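J.: Here's the letter readout for the chains.
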Amino acid sequence: MIRLQNIEKTFYGKETNLLALNQISLNVEKGEAFGIIGESGAGKSTLLRMINALEKPDSGMVMVDNVRLTELNRKELRLQQKQIGMVFQQFNLLNNKTVAENVRLPLTLHDYPNCLTVDDVLEFVGLEDKKFSYPGELSGGQKQRVGIARALITRPKLLLCDEPTSALDQNTTEEIVEVLRKAHEEFKMTSVVVTHELPVIKSLCKRAALMEAGEIKDIITIKQSDKSIIQKPYLERAIEVLAHD
Amino acid sequence: MTESLALYIERVIEFSPRLFDSLWETGIMLFFAMIAAILLGIPVGTLLYLTADSRPMANRFVNRLINILVNIIRSFPFLLLVVAMQPFVRQVYGRATGDPIAASFPMVVIAIALYARFVEQSLMEVPKGIIETAQSMGATNWQLVWKFLFVEARSSLVIGFTTAVISFVSYSTIMGVVGGGGIGDFAIRFGYQRYETDIMYTAIVLIIILVEVFQWLGLKLAKKLDKR
Ligand SMILES: Nc1ncnc2c1ncn2[C@@H]1O[C@H](COP(=O)(O)OP(=O)(O)O)[C@@H](O)[C@H]1O
Ligand SMILES: [Mg+2]
Chain E
1 MIRLQNIEKT FYGKETNLLA LNQISLNVEK GEAFGIIGES GAGKSTLLRM INALEKPDSG
61 MVMVDNVRLT ELNRKELRLQ QKQIGMVFQQ FNLLNNKTVA ENVRLPLTLH DYPNCLTVDD
121 VLEFVGLEDK KFSYPGELSG GQKQRVGIAR ALITRPKLLL CDEPTSALDQ NTTEEIVEVL
181 RKAHEEFKMT SVVVTHELPV IKSLCKRAAL MEAGEIKDII TIKQSDKSII QKPYLERAIE
241 VLAHD
Chain R
1 MTESLALYIE RVIEFSPRLF DSLWETGIML FFAMIAAILL GIPVGTLLYL TADSRPMANR
61 FVNRLINILV NIIRSFPFLL LVVAMQPFVR QVYGRATGDP IAASFPMVVI AIALYARFVE
121 QSLMEVPKGI IETAQSMGAT NWQLVWKFLF VEARSSLVIG FTTAVISFVS YSTIMGVVGG
181 GGIGDFAIRF GYQRYETDIM YTAIVLIIIL VEVFQWLGLK LAKKLDKR
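Chains as they are written, first to last, in my numbering: chain E, 1 to 245; chain R, 1 to 228.
Simulated from the structure, these hints should not be mistaken for laboratory data.
Among the hints, a few may not be true.
As the list claims (entries may be wrong) - Pairs of lysine-lysine, DSSO-like flavour, derived with a Cα cap of 27 angstroms:
id, chain 1, residue 1, chain 2, residue 2
1, E, Lys202, E, Lys30
2, R, Lys220, E, Lys206
3, R, Lys128, E, Lys82
4, E, Lys130, R, Lys147
5, R, Lys223, E, Lys202
6, E, Lys130, E, Lys30
7, E, Lys202, E, Lys223
8, E, Lys97, E, Lys130
9, R, Lys223, E, Lys75
10, R, Lys220, R, Lys147
11, R, Lys223, E, Lys56
12, R, Lys147, E, Lys131
13, E, Lys223, E, Lys82
14, E, Lys202, E, Lys217
15, E, Lys157, R, Lys128
16, E, Lys14, E, Lys30
17, R, Lys220, E, Lys14
18, E, Lys206, E, Lys131
19, E, Lys157, R, Lys227
20, E, Lys56, E, Lys30
21, E, Lys188, R, Lys224
22, E, Lys82, E, Lys217
23, E, Lys217, E, Lys97
24, R, Lys227, E, Lys56
25, R, Lys224, R, Lys128
26, E, Lys157, R, Lys223
27, R, Lys220, E, Lys30
28, E, Lys182, E, Lys206
29, E, Lys82, E, Lys131
30, R, Lys128, R, Lys223
31, R, Lys223, E, Lys223
32, R, Lys224, E, Lys82
33, E, Lys206, E, Lys217
34, E, Lys56, R, Lys220
35, E, Lys97, E, Lys30
36, E, Lys131, R, Lys223
37, R, Lys224, E, Lys202
38, R, Lys147, E, Lys206
39, E, Lys56, R, Lys224
40, E, Lys130, R, Lys224
If you're wondering where the values come from, they're calculated on a predicted model, not measured in any experiment.
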C-alpha cells in the first residue's frame, strides 16, 4: 500500500540546515496496522506527512496505492489526499462548528460515493448524544473521538494518526486506542500510527519502525501480550501504582 | 436655567435640518467605506495572509507589493491623502469636493488598506493545525479560506470590522477640512468658524453616540458568532 524509497528531506534554516529524513525506505502492506516510534524530533511527523503529500521529499520516491505521489500535480494530489484520513494530536477541530458539522466537513470538500453517515460514525465512536455540541464543550477524549469520526466518515483506504493520544491522560488514551483498534478491525483500512508512547503502538500495531535522528534504525514485529488491555479506572490504577512496589 | 435650556432646544431645532443633512452625508461616506472594506479589504487581507512565507500561496513578490501599498496608504497622513487624491477624483467623478460621494473616494482607499491589515491579523490567529487539516483533506485554497479560515476567524473579523468602522468615522470628519461635507464639516463651519459652540458640542455628542452604537453592535455580534 505504501512504498517509500530512499527518502531524503532537509529543512533549511537561517543558521543550520536540518536533515530531518535520511535515506528512508519502508513498505507497508495493504490492511496492515503499522507503527512509527521514536523520541521527539526524530522525524516521525515529517515521515507521516510524506505519505499524504503534506511534505515533499527532496529526493526519493513515495508511492501510495501504486500511485507515485512525487509525480502528481496539485489537483491529482488533492484526489489522493481525499482518500486518506488523518487524526492529529491537537484534534484540529473547528471550534465554531458543531460536532456533526465537523464530522461532515470532508464530505463538503469532495464527492464520496461510499461514505458513511454522520449518525453512523458518531455512534461508532460513541458520541451520538454530542451531535449538536461544540468542541469547546467536550473533553479531550471526546474531541479526539470527533477527530476520528471525521477521518472515518469518508471510509479512507489509509488512516494516518500523528500522536493521536499524546494530548490525553492515560485512561483516555486507552479509550482512544480502543476506538482506533475497533476502527481498524471494522473498516480494514491500512493504518499508520506515529507516537512516542510504546503501549499505544503495542496494542494497535503488528509492525513498527524505530526512528532516531531522521533514520529508521530497525523495523520490528510486535509481540502481542496475551493479557489484553484491561481498562482499569484511574483510582484503581493509582492505588496499584502508589501503594504497591 | 430653564430659559437657557429652552433657548438651546430652540437653536438645536433651528440647526437640526443642517445637522441631519451632515449626518446623512457622513452615513454615505461610511457606507461606501464599509462596502469597500468588505468587498475589497477582505480579499486583499486574505491574499496578504496567504502569500506570506510558508503559507499555502507563498509568493514573495505579491506579498511585498501588497504590504508596501497597504503601509504607504496607512502611514500617509489622511489629510494629505485626501489632497493628493483630488486630481484623480476630479478626473473620475467630475468634482473633488463639496459632496459626500466625492469625499468617499479617499475613504474607500483608507478603508481597504485598514481593514485588509485587520483581516490579515485575524487570520493569523487561526491555529496552524487548521490549515494542515484542510490540506490533509485535499481542500483547495478556496475551500481552505471559506470552510476553515473564515469560520474560525469570524468573530475576530467582526471585531476588526467594528474597530475599522470607528476609525472611518474619525477619517470622515477630516473631509470637513476640504469642504467634503459630513458631520466634521458641520462642526468646523458652525463651531470653528461661527463660534456656535453649543451646536458643535451637540454634533460631537451625536458622533460619540454613533461610535458607541457601532461598538456595542459589533461586540454583540462577535460574541454570538464565537463558539470557542
Ligand atoms: N517545517 C519545518 N521547518 C523546519 N524544521 C522542521 C519543520 N518540520 C519539522 N522540522 C524539524 O525536523 C525535525 C523532525 O521533526 P518531526 O518530524 O516533527 O519530529 P517528531 O514528529 O518525531 O517529533 C525536528 O528537528 C523539527 O524541528
Ligand atoms: Mg511529531
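J.: Starting from R:Lys223, check that the Cα of E:Lys56 is at most 27 angstroms away, please.
T.: Not OK: R:Lys223 and E:Lys56 at ~40 angstroms, beyond 27 angstroms, violated.
J.: Next pair to validate is E:Lys182 with E:Lys206; report whether the Cα-Cα distance is within 27 angstroms.
T.: Roughly 15 angstroms separates the two Cα atoms, so the pair holds.
J.: Going straight from one Cα to the other, do E:Lys14 and E:Lys30 come out at no more than 27 angstroms?
T.: 40 angstroms, violated
J.: When you check the alpha-carbon spacing of R:Lys147 and E:Lys131, does it fall within 27 angstroms?
T.: 19 angstroms, holds
J.: Is E:Lys56 close enough to R:Lys220, meaning Cα to Cα at most 27 angstroms?
T.: Since the Cα atoms of E:Lys56 and R:Lys220 sit roughly 44 angstroms apart, the hinted pair is violated (cutoff 27 angstroms).
J.: Do the alpha carbons of R:Lys147 and E:Lys206 lie within 27 angstroms of each other, as the hint requires?
T.: With Cα atoms ~37 angstroms apart, R:Lys147 and E:Lys206 exceed 27 angstroms; violated.
J.: Check whether the Cα positions of R:Lys227 and E:Lys56 lie no farther apart than 27 angstroms.
T.: Status violated; Cα separation ~35 angstroms.
J.: Does E:Lys30 sit within 27 angstroms of R:Lys220, going by the straight-line distance between their CA atoms?
T.: Distance of about 52 angstroms is beyond 27 angstroms: violated.
J.: Under the criterion that the straight-line Cα-Cα distance not exceed 27 angstroms, is the pair E:Lys157, R:Lys128 satisfied?
T.: 26 angstroms, holds
J.: Please work out if E:Lys202 and E:Lys30 have their alpha carbons no farther apart than 27 angstroms.
T.: 19 angstroms, holds
J.: Starting from E:Lys97, check that the Cα of E:Lys130 is at most 27 angstroms away, please.
T.: 12 angstroms, holds
J.: Is it true that the CA of E:Lys56 sits at most 27 angstroms from the CA of E:Lys30?
T.: 23 angstroms, holds
The earlier numbered hints that this structure contradicts are 2, 5, 6, 9, 11, 13, 16, 17, 18, 19, 21, 22, 23, 24, 26, 27, 31, 32, 34, 35, 37, 38, 39.
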